[in-house]
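Residue numbers (the working numbering), protein chains in the order written: chain A, 1 to 198; chain B, 1 to 423.
Worth flagging that the hints you see were computed from the coordinates, not collected in a lab.
One or more of the hints may lead you astray.
Cross-link-like lysine-lysine pairs, in silico, BS3-like; alpha carbons within 25 Å at most [to be verified]: (1) A:K51 <-> A:K117; (2) B:K296 <-> A:K161; (3) B:K240 <-> A:K117; (4) A:K117 <-> B:K184.
Non-contacting residues of chain B with respect to chain A, defined by C-beta distances greater than 12 Å in every case (computed) [stated by the list, open to error]: (5) V113; (6) G156; (7) C371.
Every residue gets a Cβ at the ideal spot worked out from N, C-alpha and C, and that includes glycine.
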Amino acid sequence: MYFTRPLAKLIEEFQKFPGVGPKSAQRMAFHVLSLTPESVRELAGAIVEAKEKVRHCSHCFNLSAQDPCEICVNEKRDRHVICVVAEPRDLIALERTREFRGVYHVLTGLISPLEGKGPDQLSIRELVNRVGAEQVSEVILAINPTVEGDATVLYLNHLLKPLGVKVTRIAFGLPVGGDLEYADDVTLARAMEGRREV
Amino acid sequence: MLEVEQRLKANAIEIKLVRLRNFRNYGAAAVPVGAGKTILIGENAQGKSNFLEAIEVAGSGRSRRAAQDADLIAWGEKQMSVEVSFRRLGEDEQVFFAISRQPGASRVGGRQVKVNGVSHSSARALIGHLVTVGFASQDLNLIRGGPAYRREWMDGIILRLRPSFHDVLSSYAKVVVQRNRLLKTLYEKGRVAVADQDQLLVWDRQLARFGSQIVKARVRLLTELLPGAREFQSHLSGQKERLEADYVFRSLEGREESEDGQLLVAEPTGRDCLAAESLSRYQEEEIAGLLSRMLKERRGEEIARRQTLVGPHRDDVSLRLNGVSAVTFASQGQQRSLVLALKVAELRRLTAAAGESPVLLLDDVLAELDCGRQRLLMSAFSPQAQTIITTTHLAGFEPEWLEDATIYSVARGEVEAVDRGRV
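One chain only, chain A, in its complex shape (with noise of 0.2 Å):
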């Protein structure tokens, strides 16, 4: 394949995105050629300042362009219940929910040895220190099934539980509008576990 260098260089760029493959990649670059140029400065912008402005939370971890971000300092919200989350990326499917009216906590990751990461790497201790000094009723723990989301949700309880908290996991089950007949073993064993009263 034979692109000149500057072409080439956007093409490898993209194609170290999450999900992106040599022929996306190519695609994409071929697409930023045919903007005008006032549009790609606008991109190229873009990526600038999302890098530059966006930050963690100071409080909750949420990636946001403020500190405290939008929902901390949101009068509105119900500081008495915390929902816990392992990326931002749960906490904007949860806010699309438009159900959930507390405050969140990103961790920033779940507990994973092999990735390097532990309690430390996380920011456990900042919802210990928030359980303690705020007044807060209810920690949700919106975690996913997964061993290490598990092993995620049992470090917390942990410590958590001795604070006099609330400590609950959302349930896990059937998909909304799915069928019983071709639902996986496991989440129907997990369904039936989690069944209740009606």
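Fit chain B to the given chain A structure using the hints.
Frame of chain A; chain B shown alone:
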């Protein structure tokens, strides 16, 4: 008459057609397989065992013989595939498994899994469709080999009975890997702080949770297999030998006193092992409790060795004949009989679960058996079970095996029908 025949036929999984492409020494081959017995005859190293292996791979997505998946792809080829069409519970089914070689790597890249034409992302989807039971000379490792052979044997049967067991096994394996890494980190740090203790405890809980599920499943399987194996073994030995199986917690090995053994069971058979039948009375939570206690006890050693020493990934099964270990004390003949007894028990268990007989794959084992054992083996199968047999020669076969058998010759990866008149 015809109706009865059809009903009998419905009681066995029946392979109709096996299609291979670049599987080991095969090029492209389509081999129709008839009901009843099929005999593949050929010299050594012509591809007889490979043919049986291909069927197992299509049924499970993995091979018991290959060190790595790439070995399954013919030399110099990029991709291999196996497709088996068969009848199960009166329905036509088809499984397809393909893997491709990644350029320059021994690891394989793309896998393709299809069950009845529907693609799946994991080979796990194959499990439970084309159920087979293999008898091969390397099965003697069940008695003579290391603990890994026996663990794999048990887990393999459980998987065919209950495909969801796959999730327990893979979660457990992940926990062990994560825990080992944590132990290594703690070893390198040189000291264990309180926070580290807490973190270790979390992985201990996970290990006990998934580990107890595995122990429980294995013990249950042993108690289900024992009556059948015992009956067959007793038959083979002229009612002289009684078979017993103990589940061995290898983390208890070499201990001076067995506090936990006493805590746990009424009748421990040894310091580190418990008769499967008495252990089967224990609940998963009780086993999890035992694992947790053992973990606590071995903590220092685990950190020093940077390895998880407690748990079903190291456990074993001890088989005893009239009270003495079959590995150490049984004669060659006794060991052969015992393998046969275990395999027959496996076959019966799978037949009972599936409601019909799995396909039997006998890899070069018949000729090694004397007439009495051959007959007994035959009597242990349901008469309508589909059986595929490989051999280098037909001499030494009991006449029953040859009755209505379809015979193929296998030479250099080519399978050809043999005219019965020439045999």
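Against the structure, the hints come out as follows:
A C-alpha spacing of about 24 Å is found between A:K51 and A:K117, which places the hinted pair at or below 25 Å, so the restraint holds. Among the hinted pairs, B:K296 with A:K161 is consistent with the structure: their alpha-carbon atoms are about 22 Å apart, no more than 25 Å. With a C-alpha separation of about 59 Å, the suggested pair B:K240 and A:K117 falls outside the 25 Å cut-off, and the hint is violated. Only pairs whose Cα atoms come within 25 Å are accepted, and A:K117 paired with B:K184 is accepted, the gap being roughly 13 Å.
Annotated as non-interface, B:V113 keeps its C-beta farther than 12 Å from every C-beta of chain A; the closest such distance is 15 Å. B:G156, annotated as away from the interface, keeps every beta carbon of chain A farther than 12 Å; the closest lies near 18 Å. With a least CB separation of 45 Å from chain A, B:C371 remains clear of the 12 Å interface cut-off, as annotated.
Checked against the numbered hints listed earlier, the structure breaks hint 3 alone; every other hint is satisfied.
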